[in-house]
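*Asks:* As a plain string of letters, each chain reads:
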Amino acid sequence: MNKIFYIAKEEIKILFREKIFFTLLGVFVVMSLISSFLGFMATNTTTSIYNSSVKFLIQKGINNIPPNPMLSFGALTDFRNIIIYMFLIGALLAVVIGHRSFIRERKSGVLPILFSRPISSNTLFFGKALGIGITIFSIILSAFLIGILSSLLLPYRHLLFDDILRLIIFYIFSFFYLLFFGFVGLLFAIKTKSESLALFIPICIWVGISFVLPEIISGQNPTALLNPIAMGQVQVQNSVFFSLMQTYLQPFSIGGQYTSFALQLINNTSQTSLINVILNNLSNITTLFISIIGTSTLCIYSINKNNIGKDEIYE
Amino acid sequence: MKFMNNVYQVITVAKKEYIDALKNRVFIIFVSFLLILTFVSIIVSSFDFQAKVISYQTALAELQASHQIIQNLTAPEFYPLQLLRGTIEYIEIIGAILAIVLGYLSIAKEKGNNTLQLLFTRPISKIKLFFGKFLGNVLLLTSVSGFMFFGIYLIISLIGKTVITNIEIEKIFLSFIFSIIYLSTFFSISALLALIFKSLSNSLILSFVIWIVFVLVIPQIGDTLDPDNQVPGGLFNKIGITQKSDQLTILKDFSSYEKARDSLEQSSFTKHYERLIFALLGIKDMYNGKTINFIINDKNSDILWLVSAMILSSTLTSIIFTKKKLINK
Amino acid sequence: MNKTQNIISISNLTHIYKNKKALDDLNLEISKNEIFGFLGHNGAGKTTTISILTTLLKPTSGNAKICGFDVVKDSMEVKKLIGYLPENVKFYDNLTAYENLEYFAKISGIKNPKEKIFDILKFIDFEGIENKKIGEFSKGMHQRIGIAQAIIHEPQVLFLDEPTSGLDPMGIKKLREIIIKLNKEKQMTIFMNTHLLSEVAKVCTTIGVLNSGKLIYKNSLKETLKRFNNENSLEEIYFNIEQ
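Residue numbers (the working numbering), protein chains in the order written: chain A, 1 to 315; chain B, 316 to 644; chain C, 645 to 887.
There are no misleading hints in this set.
Okay, derived cross-link-like pairs now, DSS-like style, lysine-lysine, Cα gap no bigger than 27 Å in a straight line:
#1 C:Lys662 <-> B:Lys513
#2 A:Lys191 <-> A:Lys107
#3 A:Lys107 <-> B:Lys640
#4 C:Lys760 <-> B:Lys317
#5 B:Lys441 <-> C:Lys662
#6 C:Lys777 <-> B:Lys330
#7 A:Lys193 <-> B:Lys338
#8 B:Lys513 <-> A:Lys19
#9 C:Lys662 <-> B:Lys638
#10 B:Lys553 <-> B:Lys367
#11 A:Lys55 <-> B:Lys559
#12 C:Lys766 <-> C:Lys777
#13 C:Lys664 <-> B:Lys426
#14 A:Lys191 <-> B:Lys513
#15 A:Lys107 <-> A:Lys13
#16 A:Lys107 <-> B:Lys338
#17 C:Lys755 <-> B:Lys443
#18 C:Lys717 <-> B:Lys639
#19 C:Lys783 <-> A:Lys107
#20 B:Lys317 <-> B:Lys443
#21 C:Lys755 <-> B:Lys317
#22 C:Lys665 <-> B:Lys426
#23 C:Lys777 <-> A:Lys107
#24 C:Lys702 <-> B:Lys639
#25 B:Lys330 <-> C:Lys734
#26 B:Lys638 <-> C:Lys734
No lab work stands behind these hints, which were simulated from the structure alone.
Please construct the entire structure, taking both the sequences and the accompanying hints into account.
*Replies:* Below, the structure written as structure tokens:
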């Protein structure tokens, strides 16, 4: 057990000395800040447009005007964009963290030394996993704090206890979502001979999960998931092809499941209580955990099997 | 004679880049991935269209059965080029990754293998080496896009069961040319970073950061900031202002917000590519059926952005390649 | 010594890298047909010297000439006269040996290199591998392809940077034979960086010793052995000089 902690500690220590890590973290933090601000801007402007429209309609003599739809969205509306940044930059960051954690060992040639010590491949994996986990956790935590802080700074909506609870669950779920991509990055860093390929493959997998599967399942455009509002309205197509795809591919569409669950958490107007939202998404949660366990198993298997240290790494 | 010699050397380098990439597993995996996705995307779109036709026919039949007015129902019209939306998005996303891969490999291989030292001790100037590399890789991107657009043409003429007009072929051809320009920009950016950075892996990661910001994040921000996108189904529809002219009157007061949103979108050259191609292929409805001249005139600023981005990135790369001390000893 | 006979002449060469003098006022002349062994411990400045002579690096001050051409001002002319094999070179592993050699021949200005490539492969006793991918090659094979690309345009001077590093005894022996053959049959002058003294004794005609960027010794191998005749081996001579 101690060995796992040593490996994890080493892992984090090295990562926090890498410039590229801070660059990515910086991009992520800035994006979180921008997303709160942009959410605020968009809501504000839309409300103003609504007010102008009301004036315009009254001038025309129309009095039967529906209430401002923005007001019905609940306090967490402005967090909608953060889903997308988790989905895009968060996942890429996680892939890079996982990738670096093992490529570093292979490049420096210390793997043979590590394996000549009394360390099992399980220990090595769990040490790495813990290191990756703690790193991702600290990123999620910073995103969470920034979110809370900015909603205090832009005090147009009050977060209730239920809102904060929803946010916390959203961030916890996001943590596991990113952890999955961290493990995908780790897996190919273990398996793939060339360093660049070890980064390209996870990114392709990510593109597949985020864009390709949702398209095939729903007939939507590949980037449809990037619009959090439109995302909530994806209609199931009335066609044999799409219902077939839906049946067989939906379980693999981790990206679509993530955004869907996240949106239900954030969009607290749906009158569905938090407990029900969670219950409705149990299958999504289960899929994610199965995927995490699956990639971990593959990682351990690959560490065992690969005779690492024999081959030189290049490119 | 001397000119011919120069051309000969540049072509030698270009040819090697071309053959080397074709024999590279990483490259082949990506090309196959891209090709499969574009074709899948067209097929999915055509299924999507088919589903729309079916639901139109069902609705029509129901209305006719109950003797209701059917004026409000519009039949889905078939524009084969509109099926290409998903494909274009894949070129934007994965095509760009492909170009990044090429740019990275063309520099990283030489650096990692120490062949840069060999090349620089040969009687060939650095600028010729650069031209050769650039030419070879642009030709590769041309072959890939050519293959893709030709496939698109074939599939569409098979699915559509209609003869594709000459104008449509010209539009596809122009989209092909602009795709090469778009992809070459990513090639140059990734090669540039691989040249500048001491650590090759950092340069690759940075290329991906630039990719994600320009291709996915900025266009997404522009999209979500659109006031009409804030409410499902559109704000104006929700409160019953359906006349476009009325909407524009109200939005007049918000032009500065709109301008800010637009300039944010403008900062991504991917968005320029998308606007241009969506106009050419009529994916954006207002350009559907318009002449090429009209579209080119209307979109000349996008063309300018796209071409400038490519010239700027390739010039910068050529300067760094020829001027920077690439061998530290 | 007659100046035209000097294939390489270095005068007052200084190179400063990161505030440290990698080369400190180096003067060195190497005449035609020599096999020059450049000795020195790691970081003495051997690779810096080779990098300047092969036009890869611009010196901070001083100058160097190859066959009368300045390595900075006439770098294109110099490039036509030299062949270079850097340390740890790997080539394009997806291409075959032939394709790799063809590439380097063509960018060196040879129009139809086919015959030449086969001649050279024969010369270095390395036939039958031309259609194999470089990626499948061993270190020793890489090194031989390295020599082939360096001599394909028939240079006057061949620069080798630690050519035997990482090779097995067979590979070293093979390489040694090729170097001597190149010198004897093709009249190539060879400039070789090394820290392997056993190599120097078997191959070189002249040796030079570099220490902290300064040339501290240069003489023919024969003279060296004569002068230090009470020493048992070249190792001892080397340590004597270094002190």
